[in-house]
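**Q** Residue numbers (the UniProt record's numbering), protein chains in the order written: chain P, 1 to 296; chain D, 1 to 311.
Keep in mind that the hints are not guaranteed to be accurate.
Unchecked claim - Okay, derived cross-link-like pairs now, SDA-like style, lysine to any residue, Cα gap no bigger than 25 Å in a straight line:
id: 1; chain 1: D; residue 1: Lys117; chain 2: P; residue 2: Val43
id: 2; chain 1: P; residue 1: Lys154; chain 2: D; residue 2: Ala205
id: 3; chain 1: P; residue 1: Lys242; chain 2: P; residue 2: Ile165
id: 4; chain 1: D; residue 1: Lys247; chain 2: P; residue 2: Thr239
id: 5; chain 1: P; residue 1: Lys284; chain 2: D; residue 2: Val112
id: 6; chain 1: D; residue 1: Lys117; chain 2: P; residue 2: Leu46
id: 7; chain 1: D; residue 1: Lys247; chain 2: P; residue 2: Gln153
id: 8; chain 1: D; residue 1: Lys247; chain 2: P; residue 2: Phe176
id: 9; chain 1: P; residue 1: Lys154; chain 2: P; residue 2: Leu166
id: 10; chain 1: P; residue 1: Lys154; chain 2: D; residue 2: Ala56
id: 11; chain 1: P; residue 1: Lys213; chain 2: P; residue 2: Leu46
id: 12; chain 1: D; residue 1: Lys117; chain 2: P; residue 2: Leu101
id: 13; chain 1: P; residue 1: Lys284; chain 2: D; residue 2: Ala205
id: 14; chain 1: D; residue 1: Lys117; chain 2: D; residue 2: Ala127
id: 15; chain 1: P; residue 1: Lys213; chain 2: D; residue 2: Val185
id: 16; chain 1: P; residue 1: Lys242; chain 2: D; residue 2: Glu257
id: 17; chain 1: P; residue 1: Lys284; chain 2: D; residue 2: Thr234
id: 18; chain 1: P; residue 1: Lys213; chain 2: D; residue 2: Thr126
id: 19; chain 1: P; residue 1: Lys242; chain 2: P; residue 2: Leu46
id: 20; chain 1: P; residue 1: Lys284; chain 2: D; residue 2: Ala127
id: 21; chain 1: P; residue 1: Lys213; chain 2: P; residue 2: Leu101
id: 22; chain 1: P; residue 1: Lys284; chain 2: P; residue 2: Asn226
id: 23; chain 1: P; residue 1: Lys284; chain 2: P; residue 2: Leu166
id: 24; chain 1: P; residue 1: Lys242; chain 2: P; residue 2: Arg94
id: 25; chain 1: P; residue 1: Lys284; chain 2: D; residue 2: Thr202
id: 26; chain 1: P; residue 1: Lys284; chain 2: D; residue 2: Val185
id: 27; chain 1: D; residue 1: Lys117; chain 2: D; residue 2: Ala106
id: 28; chain 1: P; residue 1: Lys154; chain 2: D; residue 2: Ala53
id: 29; chain 1: D; residue 1: Lys247; chain 2: D; residue 2: Lys117
id: 30; chain 1: P; residue 1: Lys284; chain 2: D; residue 2: Pro232
id: 31; chain 1: P; residue 1: Lys154; chain 2: D; residue 2: Val112
Stated by the list, open to error - Simulated DEER-style distance windows between Cβ atoms:
id: 32; chain 1: P; residue 1: Leu162; chain 2: D; residue 2: Trp305; range: 56 to 62 Å
id: 33; chain 1: P; residue 1: Val40; chain 2: D; residue 2: Val49; range: 46 to 52 Å
id: 34; chain 1: D; residue 1: Glu77; chain 2: P; residue 2: Val53; range: 51 to 57 Å
id: 35; chain 1: D; residue 1: Arg119; chain 2: P; residue 2: Gly125; range: 37 to 43 Å
Just so you know, the hints here were simulated from the structure itself, not pulled from any lab data.
All C-beta atoms in this analysis are idealised placements derived from N, C-alpha and C, irrespective of residue type, glycine included.
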Amino acid sequence: MTLTAAPPTRTTPPPADPPVRGRRQLFSVRRVFAYVLLTVLSVAVLVPFAWMVSSSLKLDAEVFSVPIRWIPAEFHWDNFTRIWERIPLLTYLRNSVFLSLTITALQVLTGSFAAYGFAKVRFPGRDALFLAYIATIAVPWQAYMVPQYIIMQKAGLVNTHLSLILLQAFSAFGVFLMRQYYLTIPDELSEAARLDGLSEYGIWARIVLPLSKPALASLALLTFVNTWNDYMGPFIYLTDNKLWTIQLGLRSFVGLYDAEYAMIMTGSVLSVLPILVIFLLGQKYFVQGIATSGMK
Amino acid sequence: MASTPTTLPAPGVSGGGRYRATRRRRSSTWVGWSFILPNFLGFATLTLVPVIASLALSFLDWDSYSTPRWVGLANFERMIHNDTFWTALRNTAYYAVGHVPLTLAAALGFAVLLNQKLRGVQFFRTALFFPYITSLVAVAVVWNMLLSPDLGPVNQFLRGLGIDHPPGWTTSTTWAMPAVIVASVWRDLGYYMILYLAGLQTIPAELYEAAQVDGASGWQRFWHITVPSLRPTTFFVLIMLTISSFKVFDLIQVMTEGGPGRSTLVLSQVIFREGITQGRFGYSSAVSMVLFVIVLTITVVQFRWQRRSER
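Construct the entire structure; sequences and hints are all you get.
**A** This is how it looks when you write it as structure tokens:
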């Protein structure tokens, strides 16, 4: 990396007091400017949410009023009670919760277990095997979703929750993320435990797993949110209304009642709410997980 | 743990000889596989095998009813004479050309803004990241309404600015793709912003201090320190963004279903329609191969470009 901004002129002493004060002033102008810019841009980014929430409390006729009313004339909280009668929202939510929790648990469990094998146990063929995992991360899912579908069809699993669980529980990404983290745990720790007579499984369960809580939390949160928000998987595999997730339910509601604008927005708010709560609770781990997956 | 004396002999090295070493190796192979196996079984049957099968399928004539028949390159021949395929390919490229640079610029801009020592930066970061974790269905539904041609807030705003005939967005063949791109940039920028923030944190503050002492302006510091130091991050972001652009499906499926007409039809939708809706496994796998080769080529080209610029 070449640094063009560091010429030998640095031998001249740094400028004395007055310029420094000038710089400080400039700095605070810049701060104000940064705040204004950030506020304007963040508001712009959040406008769709604001509109969604405000519309969810209106009457259908009010949603597209001219000019836009940001605060409803009258708050129709009953939208939030009526929607449960209009669509089987409870079933959809239950299905989403079930799928998200099961898939997350399996991914974290099998992913961290496999990652230990890849990061801490040396055996022939290990690196080639890991390469197969990495290589498939680069292959777009769309490129092999048809063979996957054929396998599921032959196994008679289309239109079951099990198909989605099997498809998403063994992700190469999860193994990769956990392995990246395990590599930062010094080998001396497991070496010492080995000398103390702990088996490899014991080391995984009692040393590595407790140490990797942040990575486990990251993987769990990312997986949960992805599964909750997944549209294409359920869209392809689930035809039976009783098995649908909240995303499919919301989509079909839009298709069936496309003039019930307020109710559609109510449904959208309800589909986003659980994720908002989870996100605010585990924000730190989200950011860590994404930052880790971004490092090579 | 930490109290274990380092004076103990390393296991397997001393006192055992070759016999113990091989036994140890054999048992560690077994142990290694036992860790990987639960995940590997699922991964192999549902990812590895399908990836390989996809290639084989593209040379077969097979629908859900008939028996598979080897047809060589016939599927690919049919594909290049099919203008739905070409439309989808063009649309996918169009989406990528819009989505990649806009998302990259927005993510980098926000990351630089948020990297400053400001109070309340956490709040802004949360706000900007939030679109990324909301479901695509909700995103699509809300944006479709925001962009509704007659009374939608966006067009109301544009009319307020004096634009008498604002675009019809998702109802217009010209504007549907830009509408999809706007919604997708809005959704994705938070993710890449986090990657850039992580990259920015690795740049030593001394570089900026030195440049400031030399009287480099803010822009100069940005171009001569920030941008070059972020090169590895940009490289990664570029690959991820391009790959994700070529895979786009959910957002378009919910926002426009590929329409109006075929104006937002993309490759993933062709694969889905041909393969899963129509049951033409061979043909859809041929289209899959094209998608795969495009993604692979982009990755390889970007890797080369990265290596050259590092030299």
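**Q** With reference to the structure, classify each hint as holding or not holding.
**A** Here's how the hints hold up against the structure:
1. This hinted pair checks out: Lys117 of chain D and Val43 of chain P have alpha carbons roughly 20 Å apart, not beyond 25 Å.
2. Taken as a hint, the Lys154 of chain P and Ala205 of chain D pair is broken in the structure, with Cα atoms around 59 Å apart against an allowance of 25 Å.
3. Distance restraint check for Lys242 of chain P and Ile165 of chain P: the Cα-Cα separation of roughly 17 Å lies within the 25 Å cut-off, and the hinted pair is therefore satisfied.
4. For the proposed pair Lys247 of chain D and Thr239 of chain P, the alpha carbon gap of about 23 Å is at most 25 Å, so the pair holds.
5. Between Lys284 of chain P and Val112 of chain D the alpha-carbon distance is near 19 Å, which keeps this suggested pair within the 25 Å criterion.
6. Restraint check: the Cα-Cα separation between Lys117 of chain D and Leu46 of chain P comes to about 23 Å, which is no more than 25 Å; the hinted pair holds.
7. Between Lys247 of chain D and Gln153 of chain P, the direct Cα distance comes to roughly 23 Å. Compliance with the 25 Å bound is thereby established for this hinted pair.
8. A hinted pair counts as satisfied when its Cα atoms are at most 25 Å apart, and Lys247 of chain D with Phe176 of chain P qualifies at roughly 21 Å.
9. Restraint check for Lys154 of chain P and Leu166 of chain P: satisfied, since their Cα atoms lie roughly 14 Å apart, inside the 25 Å limit.
10. This hinted pair checks out: Lys154 of chain P and Ala56 of chain D have alpha carbons roughly 18 Å apart, not beyond 25 Å.
11. A distance of roughly 32 Å separates the Cα atoms of Lys213 of chain P and Leu46 of chain P; the hinted pair therefore is violated under the 25 Å criterion.
12. Distance restraint check for Lys117 of chain D and Leu101 of chain P: the Cα-Cα separation of roughly 38 Å exceeds the 25 Å cut-off, and the hinted pair is therefore not satisfied.
13. For a cut-off of 25 Å, the pair hint linking Lys284 of chain P to Ala205 of chain D stands: about 23 Å separates their Cα positions.
14. In summary, the hint linking Lys117 of chain D to Ala127 of chain D is supported, as the alpha carbons are separated by about 17 Å, within the 25 Å threshold.
15. Under the criterion of a C-alpha separation no larger than 25 Å, the hint pairing Lys213 of chain P with Val185 of chain D is inconsistent with the structure, at around 32 Å.
16. A threshold of 25 Å between alpha carbons decides the hint, and for Lys242 of chain P with Glu257 of chain D the separation of about 24 Å falls inside it, so the pair holds.
17. For the hint pairing Lys284 of chain P with Thr234 of chain D, the CA-to-CA distance comes to about 23 Å; that is within 25 Å, so the pair holds.
18. With a C-alpha separation of about 22 Å, the suggested pair Lys213 of chain P and Thr126 of chain D falls inside the 25 Å cut-off, and the hint holds.
19. For the hint linking Lys242 of chain P to Leu46 of chain P, the alpha-carbon distance of about 34 Å lies beyond 25 Å, and the restraint is violated.
20. This hinted pair checks out: Lys284 of chain P and Ala127 of chain D have alpha carbons roughly 14 Å apart, not beyond 25 Å.
21. The suggested pairing of Lys213 of chain P with Leu101 of chain P holds, with an alpha-carbon distance near 18 Å, which does not exceed 25 Å.
22. Pair hint Lys284 of chain P plus Asn226 of chain P holds up; C-alpha atoms about 17 Å apart against a cutoff of 25 Å.
23. A distance of roughly 29 Å separates the Cα atoms of Lys284 of chain P and Leu166 of chain P; the hinted pair therefore is violated under the 25 Å criterion.
24. Of the supplied pair hints, the one linking Lys242 of chain P and Arg94 of chain P holds, its CA atoms being roughly 10 Å apart against a limit of 25 Å.
25. At roughly 18 Å between alpha-carbon atoms, Lys284 of chain P and Thr202 of chain D fall within 25 Å of each other, so this suggested pair holds.
26. The hinted pair formed by Lys284 of chain P and Val185 of chain D meets the criterion: a straight-line CA distance of about 23 Å does not exceed 25 Å.
27. About 20 Å separates the Cα atoms of Lys117 of chain D and Ala106 of chain D, which keeps this hinted pair within 25 Å; it holds.
28. A C-alpha spacing of about 14 Å is found between Lys154 of chain P and Ala53 of chain D, which places the hinted pair at or below 25 Å, so the restraint holds.
29. Under the criterion of a C-alpha separation no larger than 25 Å, the hint pairing Lys247 of chain D with Lys117 of chain D is inconsistent with the structure, at around 37 Å.
30. With a C-alpha separation of about 23 Å, the suggested pairing of Lys284 of chain P with Pro232 of chain D holds against the 25 Å cut-off.
31. The straight-line distance between the Cα atoms of Lys154 of chain P and Val112 of chain D is roughly 51 Å, outside the 25 Å bound, and the hint therefore fails.
32. A hinted range of 56 to 62 Å is violated for the C-beta pair Leu162 of chain P and Trp305 of chain D, which are about 44 Å apart.
33. Checked against the given bound of 46 to 52 Å, the beta carbons of Val40 of chain P and Val49 of chain D, roughly 51 Å apart, stay inside it.
34. Hint check: Glu77 of chain D to Val53 of chain P, Cβ distance near 53 Å, so the stated range 51 to 57 Å holds.
35. A hinted range of 37 to 43 Å for the beta carbons of Arg119 of chain D and Gly125 of chain P is inconsistent with their spacing of about 53 Å.
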